Amino acid sequence: MAETTALTDVTALVREELDEVARIVTAALRPDSPELSGLLDHAASFRGKQLRPALVLLSARAVGEVRPCHLQIAAVVEMLHAATLVHDDILDGAGLRRGLPTIHAVSGSEIAVLLGDYLYARAFHMAVELDDPRCSRVLSETVRVICQGEMTQMVHRFDVDLDEARYFEIIRDKTAVLYGASSRLGAAYAGASDDVALRFQIFGDQLGLAFQIVDDILDVDGDEEVVGKSLGTDFDKGKLTLPFLWMLREASAGQRVRFREHFTADKASDARRLDAAAQRRLLEGFDLKGGVRYAHERADACLRAAVESLAGLPSNPALDALRSMADYVLHRQR
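Residue 1 is where the sequence shown starts when you use the numbering used here, and the numbers rise one by one after that.
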């Protein structure tokens with residue numbers, strides 16, 4: 001897939017504000033204990049695309065203007081996202097993030113868990129400092145839903161009977177909800193009505209669904225050097241994502257039985273993950289190309305719904321940038 005829209009083009013309108021958000025995050029993560037500086041600097045390096053803070057800022061621009069509170073909200077959102085990444089990497093056993101060793105790979109799971117908790121706590125401390133309590137209310141509920149989604153996904157590890165509807169519930173909870181909250185808060189704090197703020201939330205929700213689907217595609221069809229993180233961590237941890245669900249749905253009865261027997265046999269193992277040889281054995285005779293194509297079509301449908309949610313709003317450069325973000329998400333390679 002070729003990227004038709006560059007991320008730098010998507011965020012150009014709010015580039016200066018995003019740089020200020022990065023400075024706020026850096027200042028917020030300056031520790032009292034010098035021993036923690038390296039860990040927090042490492043966590044800050046996972047900022048990456050800054051899509052969620054960009055959603056806060058572009059949504060604000062789309063209905064009004066970026067205010068100082070938006071910069072703080074964007075920083076809170078980015079820190080919450082960083083916390084989820086630290087915890088996700090522990091759960092997935094991932095060794096790379098943004099091309100760098102993960103926190104738990106460098107410092108162990110105990111430190112990584114506590115660091116993720118620290119990021120959550122620091123983010124919520126900043127959220128409650130805002131005069132308007134909507135941010136802390138929305139984001140506290142958002143984090144509850146994210147945790148719910150992660151736990152539900154873990155419950156369904158090695159679950160060959162997972163259906164597509166449940167898959168979408170999981171990715172909506174664990175990924176899309178933070179995109180939706182970012183867009184909603186950006187619009188709401190810029191003075192948008194509840195109805196308009198809800199339309200921005202729908203945009204973010206659909207964008208987040210598509211982002212996760214594309215992530216799942218890249219996990220099975222990407223280049224680790226390009227993507228910048230460990231690939232194959234979903235399947236080898238027993239997570240069946242959309243390409244696999246399509247593959248199993250289209251497989252013959254005999255193929256499904258064979259897949260189930262080998263896949264669930266590993267569920268009882270202490271390691272609770274599949275080694276490379278087990279993965280190769282499982283996938284013999286299965287073709288994921290159709291599943292990748294299907295997943296890409298579903299991501300495209302989500303992004304069409306995202307763009308449609310903003311139809312009829314007065315056109316401006318920020319709305320154009322949000323539409324370009326949808327194109328970027330669909331065609332990204334990392």
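Think of the hints as simulated: they come from the structure by calculation, not from any bench. Being a predicted model, the structure only gives us computed values, none of them experimental. Certain hints may be false.
[To be verified] Here are the simulated DSS-like cross-link-like pairs (lysine-lysine), alpha carbons at most 30 angstroms apart as the crow flies: (1) K289 x K237; (2) K49 x K289; (3) K237 x K49.
Structure versus earlier hints - violations, ascending order: As far as the earlier hints go, not one is violated by this structure.
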